[in-house]
Every structure is written in C-alpha cells, then in structure tokens.
Amino acid sequence: MEPIVSVRGLTKSFGPVAVLQGVDFEILPSKVSVVIGPSGSGKSTLLRCCNGLEIADGGTIRICGRTLVEQGRLLPDAELNALRRQVGMVFQSFNLFPHLSVLGNVTIAPRKLLGLSRVEADTRARALLDKVGLAHKADAYPATLSGGQKQRVAIARALAMQPQVMLFDEPTSALDPELVGEVLQVMQALADEGMTMMVVTHEMGFARKVADMVAVMDHGVVLESGPPAQIFDDPRHPRTREFLQAVTKRG
Amino acid sequence: MDLDFSPVWDGWRDLAHGALITIEVTVGAILLGCLIGLAIGLGRLDPRRRLVYGLSTAYVSVIRGTPLLVQLFIWFFGLPHFGINFPAFFCGIVGMGIYSGAYVSEIVRGAIQSVDRGQMEAARSLSMPYRTAMREIVVPQALVRMIPPLGNEFIALIKNSSLVSLLTIADLMHEGQKIISTSYRSLEVYLAIALVYFVLTNLTGLGLRLIERRLGAGGLV
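Residue numbers (our numbering), protein chains in the order written: chain A, 1 to 251; chain B, 1001 to 1221.
FYI, nobody ran anything at the bench for these hints, they're computed from the structure.
Positions of the beta carbon are idealized from the N, C-alpha and C atoms, including for glycine.
There may be inaccurate statements among the hints.
[As the list claims (entries may be wrong)] Listed next, with one range per pair, are the computed distances between beta-carbon atoms:
1) A:ARG8 x B:GLN1113: 54 to 60 angstroms
2) B:SER1114 x A:PRO38: 28 to 34 angstroms
3) A:ASP130 x B:LYS1159: 54 to 60 angstroms
4) B:ARG1013 x A:GLY115: 55 to 61 angstroms
5) B:ARG1213 x A:HIS237: 56 to 62 angstroms
6) B:LEU1069 x A:ASP77: 41 to 47 angstroms
7) B:LEU1031 x A:VAL247: 55 to 61 angstroms
8) A:ARG66 x B:ARG1135: 37 to 43 angstroms
9) B:LEU1210 x A:GLN71: 54 to 60 angstroms
10) B:ARG1213 x A:ASP212: 50 to 56 angstroms
11) B:ALA1194 x A:VAL119: 55 to 61 angstroms
12) B:ARG1135 x A:ARG8: 32 to 38 angstroms
[To be verified] Where chain A lies over chain B, by a calculated footprint (3+ residues, C-beta under 8 angstroms):
13) 1124-1134
14) 1137-1150
I would like the entire structure built from these sequences, with the hints used as guidance.
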C-alpha cells in the first residue's frame, strides 16, 4: 500500500536546538498513526512540518504522491495551498476564528477556496456539525463554547475541506479533564469511518484503543514504532519503558 | 475682568461655516490617512520583502519625523516653485492625510501583529493563500483592536486641522481669527472655538466607543 504521508530523514533546528534529527515516518491510507513521547521530543514539530507550517531543514516529506518539502525547500505557495487541501489540521489551542460564528468557521474555507455557494457550504457544514454533535451551536460564537465544543468545531472546520488525511496536534491537551472524552469520541468515530489520521497526543488510552501504529519519539528521533500492543506491552527501547512508566504512574 | 461674547454671537454663521470646513478637511484626511495607513502598515509586516518594507519604513520615518506645519507649507507654498499649484483645500486634505497615514500605519501594524499567530496558521492550514487569510481572518480581528488608538489619531487630527487655517482655508480657526481681527475680543473668540473643537473631539470619541461596543456585542473581539 502506497503511504499517504511519507517522511524520510527529516531534520529541523530552531537556532542551536536540533528538534528533529533524522525522522522516518509513514502514514498508510485509512490508518491511525499516533505519535507519543516526552515534551520537547519533536513530535509536534514533525506534525507541523507535514503541512508546511514549519519548514524542515533536511530530508523529504511526500504527501499524496507529491513532494511537500525537499532539502529545506518548500513547495511554491500555489502548489502548497493545493496540497494543504488534502491535509486537515487540528491545533492544541483550537484556533477557531473568533469573529465568525460556528457555521462561519466551518463554511469560510469551502466558500472562499472551493467555490461552494453559501447554501452548499451551509449544508455541508451542518452535516459535519451534526456529526460532531454541535448542530445546535451553528449560530453561536466561539467565545461562548466550552473547550471540548471548540475542538469539535475545529475538527468539523478541517473536515469541511474534505481532506485525505487529518493531523491532530495534541488536540486534548488544552482541555479540562472532563471534556477530553467528547473530543476523543469524535476522533474515534472518524477513525472508524476510515479517515487517515496522524495524532500527536498524551492520551495513552486513545493510542492503545484507536491507533493502528504507534511511534515513540525522543530527542528528535523515532525510538521505535509498531502496533500499540507491541509498544505498550513489550517496548524494546529502555527510554520507551521509562516514558511509559512515567506516564502511567501519573494516571 | 469684562468678557464680551457679542462678537461670537454676531459671527456665529461664519464660525458654523468654519466648523463645517474643519469637519470636511478632517474627514477627508481621515479617509485618506486610513487608506495610506492600511497599505503602509501591511507593507511593514514582513522585513523579508525588502523593497516594500524599505519604502514603507522610509515613509513612516520621513512623514512622522517632520512637522505637520512644514509638510503643509511644502504642499501649498513649496510645490508652486515647480509650477505645481494645488488648491488650498486639496493641500489641506492631502497634507494631513499623508501625515496621518504614517501614524495609522503603526496602528495597523500593531493591531495585526497582536492577532494570535494561531489564527494565520489555522487559515493557512485550511489552504488559504496569505492574502485571503489576511483579508478574511486577521484584518477583521485587527480592525476591532485598532479602534481605540484610531480614536486618538482622529482626535489629534481634528485639533491639528487648525493648522490648515494658515493655508488660507476658511476653517474654524481661520473664521475665529477673522472675527478677532475686527473685534479684538481674542479671549472670547478663542474660548468659543475651543468649545467647538471640544465638542467635535468628544463626539468622535463617543461615536468610536459606540462602534467598539457594537462590534464587541457582535462577537468581533
């Protein structure tokens, strides 16, 4: 099976700090790949490189058969935008547009970029809001929503562009504990429908239950990757064991 | 101390007409200043676009770094040396608009840069081109934050517009001085026109506060 996203030898530094030091990573169609690892291990940077929000210094990323970045050169803007249509992104801090209603948030990109009419875009948006359980909030403004509701709107907003793959950057890390479940539920439903997903998270329960593949990152490299059962029950790398112990102790 | 306001009452029509001219010049300058300010402010967002950034920065440093009165005099008294004769009214509006544009551009730049970086990232990740993201997402949010500092700028401009009286424009200040030159009641006349400026500036402040509140209620903050 041809991978939808294929990362090879990716390196990235912020000043003197080498955040990614040669990462290889792959997402297969309709699979959920979860990236775990301690803070500062480079997992969010890896994810942000995958839609060009960060420009990798070295290595390549191929998405849907096209080269997003190669040897530190990003695609030119027009092609980058075309490629980004295939890649939905959900942020830790939601980044909803506060000056637009929930419906406005979900419809703006399809209307402005796909040329959908207001009616078409509204119909699509309402179906998606229904799917994330927020049909009744269509006319509300983001400021009036809870964190969990905001993140579900953000998921609907990304889905409205009908992407091939969805990237989740710690989607539940900014949420109160009691709101985490509703977001994970939506993500699981999405996975069950066969959406291709890459998820950076600290939710080990979600990783174990939903992931097809788990990658453990530390200090800018992938320590090991494999099916969740293998990673969680029989980790090979001592640093993986340390990390998992620290995380489960906390829980 | 004897105060005699009768020259003010007698000349109220001229003063009212002068106030109207003051309003016209100021409104024209505000509109022009906002257009220029938006363009220059956007031009100063990205230092990597060297030409645009350099020209915009030069504009701000030259215009903000020299007195408004000198700039107005160059427009009105200086340009005729090159055979360029603009009407006084035109010089007043353009001179003040160009001056104000430098200040507005800093307001625009500050407001845009205060919008959370995540907004631009979210827009770009939805495949929006930079310009679309600016127009649809960042600038609308920045506009609301511009209102309080723009209020300051508009108020300063109303008051600075008294300088155009020196270009032979018959604004409020000019009409006041005409009355003084025949009545010699300078304190009374200056108090009267000060009151008119006071009313104009405070109405402007009030109006902007109302707009701000409306936008806030509409979720635009």
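Consistency of the hints with the structure:
1. A:ARG8 x B:GLN1113: 54 to 60 angstroms: Given about 36 angstroms between the Cβ atoms, the range is violated.
2. B:SER1114 x A:PRO38: 28 to 34 angstroms: Given range 28 to 34 angstroms: holds, Cβ gap about 33 angstroms.
3. A:ASP130 x B:LYS1159: 54 to 60 angstroms: Distance hint for A:ASP130, B:LYS1159 holds at roughly 56 angstroms.
4. B:ARG1013 x A:GLY115: 55 to 61 angstroms: Check passed, 58 angstroms falls within 55 to 61 angstroms.
5. B:ARG1213 x A:HIS237: 56 to 62 angstroms: Check passed, 58 angstroms falls within 56 to 62 angstroms.
6. B:LEU1069 x A:ASP77: 41 to 47 angstroms: holds (45 angstroms)
7. B:LEU1031 x A:VAL247: 55 to 61 angstroms: holds (59 angstroms)
8. A:ARG66 x B:ARG1135: 37 to 43 angstroms: At 27 angstroms between Cβs, range violated.
9. B:LEU1210 x A:GLN71: 54 to 60 angstroms: At 55 angstroms between Cβs, range holds.
10. B:ARG1213 x A:ASP212: 50 to 56 angstroms: At 52 angstroms between Cβs, range holds.
11. B:ALA1194 x A:VAL119: 55 to 61 angstroms: holds (57 angstroms)
12. B:ARG1135 x A:ARG8: 32 to 38 angstroms: 37 angstroms Cβ-Cβ, so the 32 to 38 angstroms window holds.
13. 1124-1134: holds (count 8)
14. 1137-1150: Answer holds; 4 residues pass the 8 angstroms Cβ test.
Of the numbered hints stated above, those contradicted by the structure are hints 1, 8, listed in ascending order.
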